[in-house]
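Asker: Fit chain B with the ligand to the given chain A structure using the hints.
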Amino acid sequence: MSGEGRARGRTRLPRAETTATFVGMPAFPSMAREALDNTQQRRNLAHATHTIRTKRAAVVGEVPQWEALRLNGSQTKDHMLAHLDDYLLQLEENLVEAGATVHWARDADEANRIAIDLVRAEGVDEVVKVKSMATQEIELNEALEAAGIAAWETDLAELIVQLGHDRPSHILVPAIHRNRSEIRDIFRREMARAGRPAPEGLTDEPTQLADAARLHLREKFLRAKVAISGANFAIAETGSLVVLESEGNGRMCLTLPETLISVVGIEKVLPSWSDLSTFLQLLPRSSTGERMNPYTTMWTGAAAGDGPQDVHVILLDNGRTSVLADEVGRQALRCIRCSACLNVCPVYERAGGHAYGSVYPGPIGAVLTPQLRGTSSKLDQSLPYASSLCGACFEVCPVRIDIPRLLVRLRTQVIDGKRGGLPTAEGAAMRSAAWMFADHRRFEKAQDAATLGSLLLGRRTSIHRLPWPASAWTEARNAPVPPRETFREWWVRTHGESATGTTGSGGPGAAGGVR
Amino acid sequence: MDAPVTAGARTQAPPGTRVALLATCFNDTMWPETPKAVVRLLERLGVTVEFPVEQTCCGQMFTNTGYADEAIPLVRSFVEVFGRYDAVVAPSGSCTGSVREQYADLATRSGDSGLQEAVGEVAPRVYELSEYLVDVLGITDVGAYFPHRVTYHPTCHSLRMLHVGDRPLRLLREVRGIDLVELPAAAECCGFGGTFAVKNADVSVAMGADKARHVRDTGAEVLVAGDNSCLAHIGGLLGRERAGVRTMHLAEVLAATEESA
Ligand code: SF4
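Listed in order, the protein sequences are those of chains A and B.
Take the first sequence: its letters are residues 1133 to 1647, numbered as in this note's numbering.
Take the second sequence: its letters are residues 10 to 270, numbered as in this note's numbering.
A hint or two may mislead.
Distance condition first, Cα-Cα at most 25 angstroms in a straight line; then the derived DMTMM-like pairs of lysine to aspartate or glutamate [said to hold, decoys possible]:
1. 208(B) <-> 1422(A)
2. 45(B) <-> 1576(A)
3. 1187(A) <-> 1527(A)
4. 1577(A) <-> 226(B)
5. 208(B) <-> 1558(A)
Here are the simulated distance ranges between beta carbons [unchecked claim]:
6. 196(B) <-> 1166(A): 22 to 32 angstroms
7. 1406(A) <-> 55(B): 49 to 59 angstroms
8. 1320(A) <-> 182(B): 29 to 39 angstroms
9. 1320(A) <-> 191(B): 38 to 48 angstroms
Chain A stretches covered by chain B per the calculated footprint, using a threshold of three residues with CB under 8 angstroms from any CB of chain B [unchecked claim]:
10. 1395-1409
11. 1475-1489
12. 1516-1523
13. 1612-1618
Hints in this document: simulated from the structure, not taken from any laboratory.
For each residue, glycine too, the CB sits at the ideal point set by N, CA and C.
Okay, chain A solo, but in the shape it has when bound (with noise of 0.2 angstroms):
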């Protein structure tokens, strides 16, 4: 191994080129037709999620009882929200029995600002960082970078997001939506920079981009004093925490450094060592569509001798007990982050991971960073509305999370928000369009305008241009010709009023005392 990179020491980390928070981005629609023209994500994503999809599909075939699982699954998550104080209480004393040092924090910078200070407490200047979506939302590695401190990400598609000056664009895959090609070129133009350069003659073949990201990652592990993780599992019976992974890299990080410290998300805890087997099931098969992830570490407190002997874990809220106090939206924090959802999910398909503005996008990220983030910014209140609400999303999720009824539940907290404010076009439409259905005689004078419409438009079988808003429709596609009778004049005029078995204009008197 040639000691070249070595000699180049501690080097600067690559700064994303845009900005790091997602603040004062453009709402859903605009940021997806960019990505849209986007041919080669397009293509790249396509293919990505397509083939995860089908392997996930074949291994959740194999488990006869996986609706059970996910049941269990849920009850369990539901279970342990609705006593996560006692759950937390109880993990806190068994990580300090444990040797590891509890803290809290409130939000993302009370995080950012105990991890800095932690590892300015061990007097280095870099991090070795094992993949974690929660240190990403509290933006840990912006923070860091802003303290003087690098934070390496060992995990290669968090690798690949950070040398190319990225923001990750799915949750398990970061990188999902460039190809191999983009790879080489960003491996070939920015490990130099980062540390260890790519080795000459690099080509786009699978097992020499391993090898390249390998070494340059190598002499990263066996430097770094300090470890920042995360965790998929936290038992809060014996004060253990889980981490899932497929490289190794993860077990690297959490075996190697002085010092671990480890991010969790308050919703991360299971009850009991038992409860573990479910989700060991649940994860792999939903999220890399494997029988079994390669590596499971599970690490208590400190232990003599062996591994870190320094672990501190960082219990974060960061908007979490505001959405565990809505009843029906606290299902989201059952989410376990395994990215079906995403996998299944056209928009997100068509869209990427970039156009949610956060780093929790798919079905998911377009229920969970609203409820997380309050929905004040035109973003997030863009978010519930990006979804078609075709259901594949709750088909798939392992927590069985009814990511529609939700995305429903936000769309109305946003009109809500809305009202008593001065009136949108849509709102007065909406209005005025629930006062014509509010009764029928009202609904068919509005009828026969439309009908009017298609006698204007004589034998015409379809419109190819329609005036603002029906424009956002007529722009691909033809509009159908409203009919020269609707169907209820066709009633009246074969069975009669009669026929309804009412008395006409009366209304109906059998079901009264509803009001």
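Answerer: Only chain B with the ligand this time, still in chain A's reference frame:
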């Protein structure tokens, strides 16, 4: 388990039961041929179907766009209009889904316990057409004749909200003269999604374009589905492409007979 149930048996709604047609506002105004077909079909099968003219709209567009307050009066009028029927049949998976799966949340929001109770009573009696034919009437052979190459798109709300499964296909397979071909990636959403089609028009069209491509790949003359809204979207794209593929509601195919051909 898949054995065809023939219309010869004239299995019908139990005597004395009252069956209402929920035409849906969209079909009533834009696609009257569909509810007409339901009437023809059910009458042919010996069911007396009523059309309460007081009905307007199930409120789905309001509910799914976030206008719950605007939807609640429509829930009220729905239970008033349809409360007295033993069965309500709709040629729409999404409107049926709206009543069966979403009314309870709206009733809860209204805070009116009477409405919650009424919804709880009516909602389970609302059937999508294929459910009513197969589950209630016990028929898969409705005596239809439709000599065309047909492919079937299972709309998302029929498929995943109502779980109608293969009921529509079982009905179509019994149609005489039909050349039924499988649609690739059939379970994928066409991209309509109600107001999604205009709020996220670009993504909606991208999804629909893939669906239209799959439809063309089958070489079918007619695309059939259980929701005219999805068909209007896919048909609108096929029409813009001048693809020469017609769209047709399942009810219209099932209502077609040798005499009507
Ligand atoms: S919402 Fe469900 S499917 Fe989506 S990432 Fe979370 S657990 Fe997986």
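Asker: Enumerate the violated hints, using their earlier numbering and listing them in ascending order.
Answerer: Per hint list: 1, 4, 8 and 10 violated.
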